[in-house]
Amino acid sequence: MLATDTALGEARPALHHRVASILGGSVGNLIEWFDLHIYTAFSLYFAPQFFPGDSPNVQLLNAAGIFALGFLLRPLGSWIFGVYADRHGRRTALSLCVTLMCAGSLLIAICPTYEQAGILAPAMLLLARMLQGLSLGGEYGASSVYLTEIADPRRRGFFSSFNYVTLISGQLLATFLLVVMRALLSSDQIAAWGWRVPFAIGAACAVIGYALRRNIDETDQFRALERRGTAERPTLRLLAQPRALVLVAGMTVGGTVAFFTYTVYMHRFLSNSAGLTRDQTTLVSCATLFVFALLQPLLGALSDRIGRKPLLLAFGVLGTLGTVPLMTAMTRVHDARSALILLMIALVIVSGYTSVNSVVKAELFPTSVRVLGVGLPYTLATSVFGGSAEYVGLWFKHLGHETLFFYYVSACIACTFVTTLFLKEGGTASLDPERVGGEPHPSKGLVTGVAPLADSPRTAQG
335 MLATDTALGE ARPALHHRVA SILGGSVGNL IEWFDLHIYT AFSLYFAPQF
385 FPGDSPNVQL LNAAGIFALG FLLRPLGSWI FGVYADRHGR RTALSLCVTL
435 MCAGSLLIAI CPTYEQAGIL APAMLLLARM LQGLSLGGEY GASSVYLTEI
485 ADPRRRGFFS SFNYVTLISG QLLATFLLVV MRALLSSDQI AAWGWRVPFA
535 IGAACAVIGY ALRRNIDETD QFRALERRGT AERPTLRLLA QPRALVLVAG
585 MTVGGTVAFF TYTVYMHRFL SNSAGLTRDQ TTLVSCATLF VFALLQPLLG
635 ALSDRIGRKP LLLAFGVLGT LGTVPLMTAM TRVHDARSAL ILLMIALVIV
685 SGYTSVNSVV KAELFPTSVR VLGVGLPYTL ATSVFGGSAE YVGLWFKHLG
735 HETLFFYYVS ACIACTFVTT LFLKEGGTAS LDPERVGGEP HPSKGLVTGV
785 APLADSPRTA QG
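So my numbering is basically just the index in the sequence shown, starting at one, shifted up by 334.
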């Protein structure tokens, strides 16, 4: 009895520690994607405050242009924070990311209007989005690597899947807040001052995120690397692994296009092409995003049992073959129930990528360049393909050939499928940089056959 009580007493702190590590490592994604979606959702209301005198379309284009610039800064952010995290630690990089998030959100919340400050108003809005773009660029690589490195080797898929749980939750919370504010406030009230509230909430959440991250532990992998001396010139060291970089970028192309298509673009698609009302579209989006978030840890845990490659291959095959029929069917539905079923099928397919992509990418690189290696090719591919998915879809619709967009999405997913074929299943090396004799420890996962997943003492010195 005493032994059982002792074991339970030791298990509780361990469980608390794991939960705190998951929350601390992934909370930034929730805040980032919450901020991302409230900007797009509320731009209709605040655009006239910063660009008066223009037509409504020009106002929205100006606001969208500032949004796009912040998005394009993501690769720079991934490089800056990737180098920093690989030199000074994952924990401090994550804390800096969430600090920038807070600054960007707070700046938008208190930003004066054009009437109050003239040209300074849109300039401050631009600065805020630049801060958010840099932060978002650094967040994915640092959080993906942190969640992978803190996990028990047998549960890396489960731990790393929370990267997308919080990411999806950020979208869900932003959509929910928009619904609540529309119910409580008039359009004039939201345009006058209500649009500032979501950004203030985002800043407050970032403060909480900072507190969580200040109390998490550094990963054992980085501590071991630090004892021997972190790598000099990580950017140059990363270039010595071109195959791994190409694999990350190739995997990301189809995954990011599918993700943005079925989450961000789908809101417009269901309204413009399927003919659902705004309320129906919001209901379908909220319901599917909720289930989508729940799927991530389930499939992440499954990948710890069967490997990552089966899930990636399922996404590649079903996404390539199923996108055109699914999206064509969505254009022909006129009720929320049918749209919900079709969209949920699509998101189950996409979950084959989202649930495991973080851990797969982290397992491709040695500790000394892992954050930079995961983040830089990911943000480059996401900025080019994911960020443009909505624009490409609307452009094809404007040309009167919307079906071509469905084939475009399928082609991008096919790129991920082909990339997955070059990943070898099973026998991946341990993430522990202090291997005996430089030999990998066997565990299920993926390897590329191009670079060690951990650094030997000699390579760590650069």
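In short, the hints are calculated from the structure, not lab data. Nothing here was measured: the structure is a model prediction, and the numbers come from that model. Hints may be right or wrong, so weigh each one.
What follows is a set of in silico ranges between Cβ atoms, one per label pair, in the way DEER data are often shown [stated by the list, open to error]:
hint : residue 1 : residue 2 : range
1    : 410       : 513       : 41 to 51 Å
2    : 611       : 526       : 44 to 54 Å
3    : 449       : 520       : 15 to 25 Å
4    : 729       : 560       : 17 to 27 Å
5    : 410       : 729       : 18 to 28 Å
6    : 552       : 398       : 34 to 44 Å
7    : 573       : 426       : 17 to 27 Å
8    : 732       : 526       : 42 to 52 Å
We treat Cβ as the ideally placed atom computed from N, Cα and C, and that holds for glycine.
Status of each hint after checking the structure:
In this structure the hint that residue 410 and residue 513 lie 41 to 51 Å apart at CB is violated, the actual value being about 34 Å. Distance hint for residue 611 and residue 526: a CB-CB separation of about 26 Å, inconsistent with the stated range 44 to 54 Å. About 20 Å separates the C-beta atoms of residue 449 and residue 520, a value consistent with the hinted range of 15 to 25 Å. Distance hint check for residue 729 and residue 560: the Cβ-Cβ separation is about 48 Å, which falls outside the suggested range of 17 to 27 Å.
Between residue 410 and residue 729 the Cβ separation comes to about 26 Å, which falls inside the hinted range of 18 to 28 Å. Hint check: residue 552 to residue 398, Cβ distance near 39 Å, so the stated range 34 to 44 Å holds. For residue 573 and residue 426, the Cβ-Cβ distance of about 25 Å falls inside the hinted range of 17 to 27 Å, so the restraint holds. Judged by the Cβ atoms, the range 42 to 52 Å given for residue 732 and residue 526 is violated: they are separated by roughly 33 Å.
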